[in-house]
Each structure stands twice: as structure tokens, then as C-alpha cells.
Amino acid sequence: MHVFTDPKNFDAYVSGFLWILKLTGASAACALVLGVLLAAMRVSPVPVLRGFGAGWVNIFRNTPLTLVIFFCYFGLYSTLGLSLSQELDLNRYWLGVIGLSTYTAAFVCEAIRSGINTVPTGQAEAARAIGLSFAQTLRIVVLPQAARSVIAPFGSILIALCKNATIVGTIGLMESSNVMKDLINSYGNAVIPIFLVFAGTFAALLIPTGYFFGWLANKLAVKR
Amino acid sequence: MSTSSVLYDHPGPRARIRNTVLSVIFGVAVLALLYWLYRKFDQAGQWEAWLWKPFADPKTWTQFVLPGLWATLKAASVGMLLSLAFGIVFAVGRLSNHWWISVPAGAVVEFFRAVPLLLMIFFVFYGLPWVLKQPVSAFWAVVIGLTLYNGSVLAEAFRAGIRSVPGGQSEAAYAIGMRKTQVMQLILIPQAARAMLPIIVSQLVVLLKDTALGYIVAYPELLQRGVNDLAANYGNIIPAAMVIAVIYIVINSLLTAFAGWLDRRSRMRAFRVPKQTAPAGAADSTPEGGATVSEPQG
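Chains as they are written, first to last, in our numbering: chain A, 1 to 224; chain B, 1001 to 1298.
Rather than coming from a laboratory, the hints here were simulated on the basis of the structure. Not one of these hints is a red herring.
Covered stretches of chain A (in silico footprint by chain B; criterion: 3 or more residues with CB under 8 Å from a CB of chain B, positions within the stretch not fixed): (1) 48-59; (2) 137-149; (3) 190-196; (4) 202-208.
Here the structure is a predicted model, which is why all the values come from computation and not from measurement. Even for Gly, the Cβ is constructed at its ideal location relative to N, Cα and C.
Bound conformation, chain B alone (with noise of 0.2 Å):
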């Protein structure tokens, strides 16, 4: 349903009008907004040349954003690649008929669900040297702790992805003589994760996006790099943070549009069983609170 057209009227010449007028005072008004914080950074002399001036030199680029962009994707692939593994398991073994799989299975999702990245960002690379007798490298940190953070959400929407899937699916599999491992394997995972996908890649964005947190722990990508390296060799700290941002806000919305498309193209393709799938409005407003909206960490 596209609200836009339900929730009101075909506008006629008075709400057109109405709307004209809205829309012109509220323009100005953001206009004013945008002014007004322009004036502002300008008197903090933020708008001059030379602080913009190291982004039209190729050494910035080639010294701070690409290398922190580089430390940015590898980190983020590499959790995306442990999360997707650590989510399957742990919602396979949710899923486990033996209890003293599936309790310390489910325990361990919603305890790493629970607790903030950051935390365990801190308790890696703080914390495990001590136990460990020798350096956690700010790399395994950052992916360390996005692979149990993000890999215990997915397994949560995997979870809700193989329970989404018919009965009859497993049921038929079972019925021409298939053991629990292949019903998992070849009819359940399978549908799940199609209709999983597009909450699978959001996730992914949110993963992509908490690599920033790795400027915590010194981590060289892009904000430490790009934001604080730029910004101490450079003394342009509010520019580079705005480059940096629309960087990033580039790479996430690329993504997100991958996601949009997926979702569209996953649900004109959904399981051909019209009755026994939600329809597309209620799927909105699962229970599964973080199956929709993709949880919104830093």
C-alpha cells in the first residue's frame, strides 16, 4: 500500500494551494536551518580553502581514506563471513530437539544480543590479553566482536527464517526418508535464507557501519584514519569528518538499496504457497522485534 496516496485526498485547487504555501515555508525554514548553520561554520572559519584544500591532493587519499576504507571492507567481510557462520549454527542449534544443545545455544544468542559492541570490543582487547598471556590485535577485536554481536542476530532471523518455512516442506522431506540433517540442510536452510536475505543484508550494513567502532581501539580504518589521522596531520577535523560521512553514507545506501531490491525481488518470488506465508504487510510487524527493523547499532 503506498500511503502516500491513502492517507489523504487527491489534492484540489484549495489543498493545492495549502500545500504550495506549506511547502514554500517550510523550505525556507530548512533553507534558513541550513544558512544559519552555514553562518556558522563559516564564522568558525570552517569553509576555508585551506582546509579543504588536502582532499584535492592525491596523497590524502592514497595515505588515509583508501588504506582506512581498505582496513574498513576487510574487517567488515570478515565479519560478515564469521557472523553469517556463527548465525547458522547457533540458530540450527536453537532449533536442536536435544535440550542441552539448544538451551546453551539460545543462552548464548540472547547474552551476546544483550551486551554492547563496544563492551565487547573493550573486553577483547583489554580484557583477553590478560587472560591470554600475549596482544589481541585491534583487528580480531573489531572482529571478534562483531561476529558474536551481529552473528547472534542473524541467528535469531535465521531462526525465524526456518520457522517461516511451511510445515509441509519438512514434513515432505521427512515423509520420502530424509534424516534431520538433510531436511536441515537441503529443504530448510535454503528457503530460509532466501527469505532471509534482505534482513540478512541489512544486518550486514549495520555490521559495516559498527566497524567504525573500531577507532576505539586505534583500529586504522576509515574514522581513524580518515577523521583523526587527516584531522592531526591536517588540522581539518570538520571537514573530514563530513567527506568521511558522505563516504560512508554512499557505500550504507548502495547497500540498502541492494537490500530494497532483494526484498522486492524475494517477495514477487516468495514461496509459491500463497496461504501459508504471512502476507506481505503483516511479515512488517513480526514479533521477532529485530527481524524488521535491522537494529540500529552505532
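Pulled out of the complex, with its shape left as it was, chain A reads as follows (with noise of 0.2 Å):
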């Protein structure tokens, strides 16, 4: 353990996990909000809102987050000269998020699409029925329904998506994984330590939210 006791390490350690832990929360914002308008769109009455919901999950969900990220970096960011800001490293943060947060939407779209398909026909069909609008049914009676029966899959997507922010390190941000591999290379004689220091930390953070989801999936469950 004489690795994370230098505080140099220490500092980087921690820091590369809060790196993780600030791209998951900002792009599992972004993405639930932009999947719930995608989904809103894959089953509205117009076409073309539908047509652009299939096209964009069809789209993200089959290319690799690899792709994405490497693509908002050499695209958006070198090509196109969008830069989100002065600093280089929350340049790189803010591009990640676009990436993360625009390949988990379309997860998150038909996590919720499958929910929508889980609440009982009748439920719409009432709704329908007492004279609410297609927005009214959504929004009142099938959403939060089908809410309650996406929570496990949600809880899927964000430690998959908390998993994935490592990838943001392809383009150079200085997150866990670049850290240990960094540390790897400087003290090669202890190579499975600093493995399992990174991995136990990535377990401790995920197992329990994989659990919390699974206890949340259920107490919340609609009883039919």
C-alpha cells in the first residue's frame, strides 16, 4: 500500500474517481432528460418526431461509445472548434458529457419505450377516454406508471454509464482508469494492489447501487 501513501498518488487517485463521479452525474442528468423527450418522440402521433427518435437509437445504441467520444473530440471540438472552455481538462469533461450523454440517451429511450409497453392498455385507454390529449395521457397516466417499472433498468444504464465514463479517457482526461495505468507503470512491483484498489473502489461504488436499484425496483413496483 506504500503506493497511495505518497500523497501524490493519493491525490490522484481520488481525484481521477471524482472525475467519474462528475461525468456520471452531469451526463445521467443530460441523458435521462434527453431520453425522456426521445421516447416522448418514438411514441408521439407525428412521423417524423418518431422517425428521428428510431434514427437517433439506432444510431448511438450501435456505434461504439469509443466512436462517440472520439468523435466529439476529433469533430466537435478539433474540427468544428467547439470549445466549452478555457481549461483544457473541462473542455475534455464537457465533451465527454456531450458523448456519454447522447450515446446513454438512446438507452435510456427504450429502457422507457419498453416501460411505456409494461402499463396496461386499459390505463391509456381510459385516459383516452375522459378526453386527454396525447401529452395529458403521457404526462398523467402512462409516464408515471411506466416509471416505476423502469427503475431497475435505469439502475443498469447508470452503472453501465458510470463504467463507461472511463472511456472519456481516450481523449485524455485524467480519470481513474489513465490514473492506475499511469501508477502501473511507474511501480510495476505492485501492480496487483493498485489493481485492486481501483476495482475494489469501482465495486464499492457499484455493487450497493446495484442493490439499491434492485430493493427500489421493488418496493416501488406497480402490484397488477
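Each of the two chains sits in its own frame; use the hints to bring them together as a complex.
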């Protein structure tokens, strides 16, 4: 453990995981909003909206995240000159958030759509029968019920998002996996403890998250 | 249930006009956005012919794209086989009656499901050589990482599948005198594998996409050869990324379509004991989270 008693290494470790948490938090919020909008588009009565939603999902679900992040950096930043912050790291961070949320939104959209499918047909029919419009049906009747059944999938999407945040390291952000790589390269005699600390931190963060979402999903499940 | 028809009434004249107006407004907005992107790339000179010309040259394909694609498919198929084996072994292990098998198997599965693939690849590629005193090739770094992660996810899928086989099946098997191993091999796994086939295939799509991480350890797969190396030779990183993205999207769409077809087929031919299986709708929201929405790994 002598590696982590060095304050320099310890700081790198902490800041690596802080980047991961920050990336996860910001991307989760953006992806949730975007995903709900996309799901609403995909079930809407307007064909162009449906096509747009379907196109988004098919493109981003089938492209490797590495390529999406790559494109954000080299396409949006290097080529189009979209600079989101003067600071190099913050700029990479925001580009990473853009990539992660566009990618994750596709999965959120699909989860919500399958959640909508679990709401019994009668609910939407009753909502229409009392004269609610499409937006009202979705907002007041269907989505609140669907939300309860998508908690478990949301949990696994969130966990995957947190793990995917390491991929932003490919555009040079010093997040946890890059920190680990550097530490391994400078402390070849302590490879296994270093890996166990990093992997263990992820496990300590994510395994309880998984159980929490499982518990929440059971607790909030609509009993039918 | 086809949501599209249930969530709103059949459009009357006014709704039709409104939908058309919305279609036009939104369509114009999307086209404007695409045009703006086109203009932006145009200003950056990304549509100039010389950037795209390499793709008309067969050498580009034979030297960069196809070898990359081949390496991607090679890593993906080896990873698939190994992770299927890993998944079966650990799913069965976790269901074992002996705690000294089931607890370690469960711990391994939970651990590797929680560790990012990139971290694992870095560990195998940069860390293991220190331990083994010999270099580990990028190919094996990628394949081992993919196997441990996807194998664990598949193990959970298999476990959910084995547990979804109606209890009467194994009871009947025990009643005719089968042993535990026989029940597992002859009765439970074949049925579970069929029920879980769509999930398995969609996990394999995830696996195929994840091979792109190989680019980080310089494994010459599609992203490395087709975008990095190609762009290093021709200086056309954006066009190359676009072409490679299309290749990925086509391959994965085909696999996804295959998974969807399998899903419809297996739903039609699901266990013929309707009472004991979950209804199709409920199956969409099994608490075994990763089971339905395949985990969006990179």
C-alpha cells in the first residue's frame, strides 16, 4: 500500500474518481432528460418525430462509445472548434459529457419505451376516454406508471454509464483508468494492489448501487 | 401492445392537420440542424474531395479497413466463445448447493460486472506483464477483458434463465431418477439457453462494440486501423470516422435485427406451459436489471 501513502498518488486517485463521479452525474442528468424526450418522440403521433427518435436510437446504440467520444473530440472540438471551456481538462470533461449523454440517452429511451409497454392498455384507453390529449395521457397516466417499472433497467444503465465514464480517458482526461495506468507504469512491483484498489473502488461504488436499485424497483413496483 | 395506436386516438381532420404542421416544423428544424452541421464541416473543409478520395482506392480497404474489420471480428468471436463458456460455468456455479462453490462464483461475477472494461484491459495489458515477467499481447488483453466482463453479464442472464424454467421441469427430472448434473445439463440449460437467446445475442452486440476499446492498447481493430492509421496516412480523420461508424452501425444493426427476430420467434415458441411463465410484458421489466436492456458498455 506504499503507493497510496504518497500524497501525490493519493490525490491522483481521488481526483480520478472525482472525474468519474462528475462525468456520471452530469451525463446521467442530461441523458435522462434527453432519453425521456426521445421516448416521447418515439411514441408520438407525428411520424417525423418518431423517425427522428428511431434514427437517434439506432445510430447511437450501434456505434461504439469509444467512437462517439472520439468523434466529440476530433469532430466537435478539433474540426468544428467547439470549445466549451478555456481549461483543457474542463473542455474534455464537457465533450465527454456530450458523448456520454447522447449515447446513454438512446438506452434510456429504449428502457422507457419498454416500460411504457408494461402499462396495461386499459390505462391509456381510459385516459383517452376521459378526453386527455396525447401529451396529457403520457404525462399524467402512462409515464408515472412506466417510471416505476423502468427503475431496474435505469439502475443498470446508470451503473454502465459510471463504468463507461472511464472511456472519456481516451481523449486524455486523467480519470481513474488513466491514473491506474500511470501508477502501474511507475510502480511495477505493486501491480496487483493497485488494480485491486481501483477495481475495488468501482465495486464498492457500483455493487451497492445495483442492490439499491433492485430494492427500489421492488418497493415501487406496481402490484398487478 | 403497439403503443403508437393506444396512446392517442385515430387522428381526425384537425389532428391530421396538426400532425402535418408539427411534422413540417420539426422536419424543417431537423433539416436546418443537419444543414448547419453540413455547413460547419464544409467551412472546416471536410467535404473536400481529396479527403474522401482514399475510400475509392481499393488499397484503403485492403490495407486498413478490412484487416481492421477482420481483427475486430476475430477478437469478438474468440471473446464470444470464451464469455459464453465463462457465463455457463459461473451461472451453474452460482446456483450450486455447496456454499463453497456458490459464494466465490457469486463474488467473481459481481466483481467483474462492477469493474469497467477499460480498467481490466489496462490491468491485463500494462499490469500483468509485471507479474508474468513476459508481455501480454494486445489481442489477449482485449479478449480477456471482454471475456471477464461479458462472461459475468452472461452468467447473470443464464442464472435468470435457469431460474425462469418452470419448477416442474427439474422436479420431473429428479422424479425419473436423474442426478443433479444431468438435470442441469439435459433439462435446465437447454431450456434456459433458448429463453435467453435474444439477451445473449444482444450482449454479443455489446461485446462486438466493446472491441473498439482495443484501440486504446493499439490492438489493430477497426477503429485503430480504419480511423487512426488511415487518418495518419491521409489526414482525413473526420471522413474516416464517419465511414467506420457506418460500418459499425450496419454490422450491429444486422445483429440487433437478428436478436429481435430470435426474440419474436422464441416468444411464439416459448415454453408451452403458459401459466407458469411470465407474460411477455412482465418479462420486459424483470428485476434482474441487465437482463432486458443490455448494458450500454462502450
